[in-house]
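Number of protein chains: 2
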Amino acid sequence: MALCRGGFFASTDPLKRKRAVDDNRRAIEEAAELGTDKIILVCGADPAQPLEVSRRQIFEGISSILDDARTAKIKLAIEPLHPIFANDRSAINTLAQANDLAGLLNSEWVGVAVDVYHLWWDPSLEKEIERSGKNKSLLAFHISDWKTPTVDMLNDRGLMGEGCIPLRKIRSWVENAGFKGFIEVEIFSDLYWRQDQSQFLRKIISAYKEFA
Amino acid sequence: MALCRGGFFASTDPLKRKRAVDDNRRAIEEAAELGTDKIILVCGADPAQPLEVSRRQIFEGISSILDDARTAKIKLAIEPLHPIFANDRSAINTLAQANDLAGLLNSEWVGVAVDVYHLWWDPSLEKEIERSGKNKSLLAFHISDWKTPTVDMLNDRGLMGEGCIPLRKIRSWVENAGFKGFIEVEIFSDLYWRQDQSQFLRKIISAYKEFA
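Top line first, the protein sequences correspond to chains C and Y. Going by my numbering, the first sequence opens with residue 11, and the numbers climb by one from there. Going by my numbering, the second sequence opens with residue 11, and the numbers climb by one from there.
Bound-form chain C, shown alone (with noise of 0.2 Å):
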């Protein structure tokens, strides 16, 4: 399991990154006592500031706990988002531009995230999931669908076969490009959350059977 809850190192205030930066830290020190292995980077961007002085700072605040990450074994997932998030949520919105900023920082404590939502409609997913394998980087995968018409960006997701994102395709390139972790279903919906969870729970059992 993973802990969501690192990343946003993209802002034109220097004492906000530096913030980020300490957050971070404490994210990786919480996943270690909690015994999970790894956290998960929405890496962050500024509308105030070009795509590319944020993916710089993405990468400054990375490296900076790089240190921290490899002392508490926690290893750090690149979560890739939709494009709809390039203005202020993240500035690397594709498995891509993930693979090369791993690449780049070069360390066996950083990898990527796959979610099915932001990635499903990329035409390279097959050929970028193989190379996250081949590199031994495929840290998490995370499920839901994407529903038509969707009324919320960020809280209307669906359950899986609600949707058209190709989740045994995409499990599939994921399985074969060596990926053995959990399967995380990750539903953020305003609809559901309103109703009864254990019913909904319910529901994601019986979807994740049917569909995923």
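Careful, some of the hints might be misleading.
[Stated by the list, open to error] Here are the computed lysine-lysine pairs in the DSSO-like style, where the Cα-Cα straight-line distance is at most 27 Å: (1) C:Lys157 <-> Y:Lys26; (2) Y:Lys157 <-> C:Lys26; (3) C:Lys146 <-> C:Lys213; (4) C:Lys137 <-> Y:Lys137; (5) C:Lys83 <-> C:Lys26; (6) Y:Lys157 <-> C:Lys157; (7) C:Lys219 <-> C:Lys157.
No lab work stands behind these hints: they were computed from the structure. Keep in mind that this is a model prediction, so the values were computed, not measured.
Got chain C sorted already, so can you dock chain Y onto it with the hints?
Showing chain Y alone in chain C's frame:
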């Protein structure tokens, strides 16, 4: 100027695909009557079928109107749409894909359209604009801006300068690639459409002068 009403070639329903081809033929005729020299293709996607099937249908759809385009001397501009629209509006989501498709179709009557709103996030954008230029296939350039926050994916675009798109930089890439056509302002916006339209036009002119 371009007529923006072609495309929508992808569907699970063969009848809809045939209707789309007929509709594109009419669009070519209308474009010729109106004295414009191109139509913009929003290529289509259908959440009920895999993206690669939609992509094949788009290739077939454009192929079947090529003779009409040649006869009427109307160019066909493939417009990649933001990946947010990969489910139901376009299975062509990057300029690389549009360039590849134009290359496959291999006709002087087929090219690509660059809309900054759809493409600004893509780290390969500069390279792909250069490629379009070398292929002499860069047919249209659309501008607007990406606001933070964006409340509606389709109709909440910003005036130039209101968002985070590096307009001048992308414009310089487009012009360096040899593009000499109109710069078309395309601000789909429920917010601005509700306002006085003469005032909106003045705002557009002012934003264009200051930021584009």
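These are the hints, each one checked on the structure:
{"no.": "1", "hint": "C:Lys157 <-> Y:Lys26", "result": "holds, 22 Å"}
{"no.": "2", "hint": "Y:Lys157 <-> C:Lys26", "result": "holds, 22 Å"}
{"no.": "3", "hint": "C:Lys146 <-> C:Lys213", "result": "violated, 33 Å"}
{"no.": "4", "hint": "C:Lys137 <-> Y:Lys137", "result": "holds, 20 Å"}
{"no.": "5", "hint": "C:Lys83 <-> C:Lys26", "result": "holds, 26 Å"}
{"no.": "6", "hint": "Y:Lys157 <-> C:Lys157", "result": "holds, 24 Å"}
{"no.": "7", "hint": "C:Lys219 <-> C:Lys157", "result": "holds, 19 Å"}
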